[in-house]
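Number of protein chains: 2
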Amino acid sequence: MIPDDRLLDLAARLADASGAVIRRYFRAGVDADDKPDRSPVTVADREAESAMRALLAAEAPGHGIVGEEHGRENEGAELTWVLDPIDGTKAFLAGKPIFATLIGLLHRGRPVLGVIDQPVISERWVGAAGRPTTLNGAPVRVRACPGLDRARVSTTGPQYFDDEGRRAFDRVAARAKLLSYGGDGYQYGLVACGSLDLVIEAGLKLHDFAALGPVIEGAGGVVTDWQGRALGAGSGGDVLAAGDARAHAEAMRALAGAS
Amino acid sequence: MIPDDRLLDLAARLADASGAVIRRYFRAGVDADDKPDRSPVTVADREAESAMRALLAAEAPGHGIVGEEHGRENEGAELTWVLDPIDGTKAFLAGKPIFATLIGLLHRGRPVLGVIDQPVISERWVGAAGRPTTLNGAPVRVRACPGLDRARVSTTGPQYFDDEGRRAFDRVAARAKLLSYGGDGYQYGLVACGSLDLVIEAGLKLHDFAALGPVIEGAGGVVTDWQGRALGAGSGGDVLAAGDARAHAEAMRALAGAS
Numbered sequence: 001m002i003p004d005d006r007l008l009d010l011a012a013r014l015a016d017a018s019g020a021v022i023r024r025y026f027r028a029g030v031d032a033d034d035k036p037d038r039s040p041v042t043v044a045d046r047e048a049e050s051a052m053r054a055l056l057a058a059e060a061p062g063h064g065i066v067g068e069e070h071g072r073e074n075e076g077a078e079l080t081w082v083l084d085p086i087d088g089t090k091a092f093l094a095g096k097p098i099f100a101t102l103i104g105l106l107h108r109g110r111p112v113l114g115v116i117d118q119p120v121i122s123e124r125w126v127g128a129a130g131r132p133t134t135l136n137g138a139p140v141r142v143r144a145c146p147g148l149d150r151a152r153v154s155t156t157g158p159q160y161f162d163d164e165g166r167r168a169f170d171r172v173a174a175r176a177k178l179l180s181y182g183g184d185g186y187q188y189g190l191v192a193c194g195s196l197d198l199v200i201e202a203g204l205k206l207h208d209f210a211a212l213g214p215v216i217e218g219a220g221g222v223v224t225d226w227q228g229r230a231l232g233a234g235s236g237g238d239v240l241a242a243g244d245a246r247a248h249a250e251a252m253r254a255l256a257g258a259s
Numbered sequence: 001m002i003p004d005d006r007l008l009d010l011a012a013r014l015a016d017a018s019g020a021v022i023r024r025y026f027r028a029g030v031d032a033d034d035k036p037d038r039s040p041v042t043v044a045d046r047e048a049e050s051a052m053r054a055l056l057a058a059e060a061p062g063h064g065i066v067g068e069e070h071g072r073e074n075e076g077a078e079l080t081w082v083l084d085p086i087d088g089t090k091a092f093l094a095g096k097p098i099f100a101t102l103i104g105l106l107h108r109g110r111p112v113l114g115v116i117d118q119p120v121i122s123e124r125w126v127g128a129a130g131r132p133t134t135l136n137g138a139p140v141r142v143r144a145c146p147g148l149d150r151a152r153v154s155t156t157g158p159q160y161f162d163d164e165g166r167r168a169f170d171r172v173a174a175r176a177k178l179l180s181y182g183g184d185g186y187q188y189g190l191v192a193c194g195s196l197d198l199v200i201e202a203g204l205k206l207h208d209f210a211a212l213g214p215v216i217e218g219a220g221g222v223v224t225d226w227q228g229r230a231l232g233a234g235s236g237g238d239v240l241a242a243g244d245a246r247a248h249a250e251a252m253r254a255l256a257g258a259s
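Residue numbers (the working numbering), protein chains in the order written: chain A, 1 to 259; chain B, 1 to 259.
One or more hints might be untrue.
Copies of one chain are not kept apart here, so a pair can be met inside one copy or by any two copies together.
For lysine to any residue, the following SDA-like pairs were computed, each having C-alpha atoms within a straight-line distance of at most 20 Å [stated by the list, open to error]:
id, residue 1, residue 2
1, 177, 136
2, 205, 143
3, 177, 53
4, 177, 157
5, 177, 28
6, 177, 158
7, 205, 229
8, 205, 139
9, 35, 150
10, 177, 31
11, 35, 61
12, 205, 79
13, 177, 34
14, 205, 40
These are computed hints drawn from the structure, not numbers from a lab.
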């Protein structure tokens, strides 16, 4: 399914609506509540998702919604929007403008459109099946990375891996050219525009990864789980994104423990 | 020694000169060489420092210079500029706009003026003895943080600690409200404007920390080594910055292993 201009326009307006809320609260003394999984959530997360839901209710009432903060609507719809208003709430609270609003569109469970939006510094990656990925409207491409020894690798933080996952990540990091921490969903935009070669994460949920495939694949990259399977509504939460399939294959072997 | 307007103006023009170079190279396909300590350096680091040195040669030929990339000049001068064109070269290479240009001015070895500048997204913190710290010209203040259990803690990455340092950091992190990775010198600006409560780092060099004291102290915070000693030309590389002296004291006890 190839998203038409109307769907791309709606995705852009969702990001606009979310960003307007987020900019109002960034570095403005917002405090966090803890969710049951101890991850933080703020009034900015909740109001930004509500703004996107209000727009969808008005413009696309038949579509499904899966949102990080306010749950599911219209389950079983052919088209479902997957919303994460602030992916990187800790970075948002810390005042670091490298969190992202993630907007994915699933067609029968398969991601066909993705937006990675940084509303404070106005950076927006848009990817959709059948089109080149853009950053602020201009096409972007991944960069070549023939092997791990040349790779710029990033992950949000070591605390998101379990012990086994941490050892697997460390096997990749030990062979990489450069290791950088921080960035949540924003990191995947950096793969799409050729700044990063690999992003490796664990424990992600659908709202964290639904937007990533269209953005990275439309820029010439590849994103799968750690076993090389496509990401979709039924995926687990381990994500391996790469600009170059050769670095992806080598990282997958290192994650699995092969030398 | 209270820096006068002429010195503050010169510091701002140094940051302007460095930033013009850095913006030209950001996300522009720059590659890194490895320095002897295996940290990366790029043409952007070298040219940005050269641009600052050329300005100092023209405007303040009698001042001393300590630069990360091009060494020392006029050792023994009463006033010495300490230059780090890109603090966070890995973040620069990864395309993350949270590295910083750090400019410190020492009077007889004691920091009296500091600039933390993010040239891509145009954020500049300026601190000087006898003046309130500003972010883009507007005064900023730290936020209150009565104890570690309320603290937003940040560090660049776990790989910069040795094993003992990592255990000490983990003791602080385990009691903190929120832990965020990434940011190098930019993190200290976030303490000064009340987004972060604590930044804890190890292995820093003079060019990494000379600018921090004036910025954080002028915003109402405190920055010392892990034993509570003032930072200056003779300091070791362990840095503990806090917006609130109570959180600073509790973090210092946790770093030392006290319960």
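Does the structure break any of the earlier hints, and which numbers would those be? Numbers 1, 2, 3, 8 and 11, in rising order.
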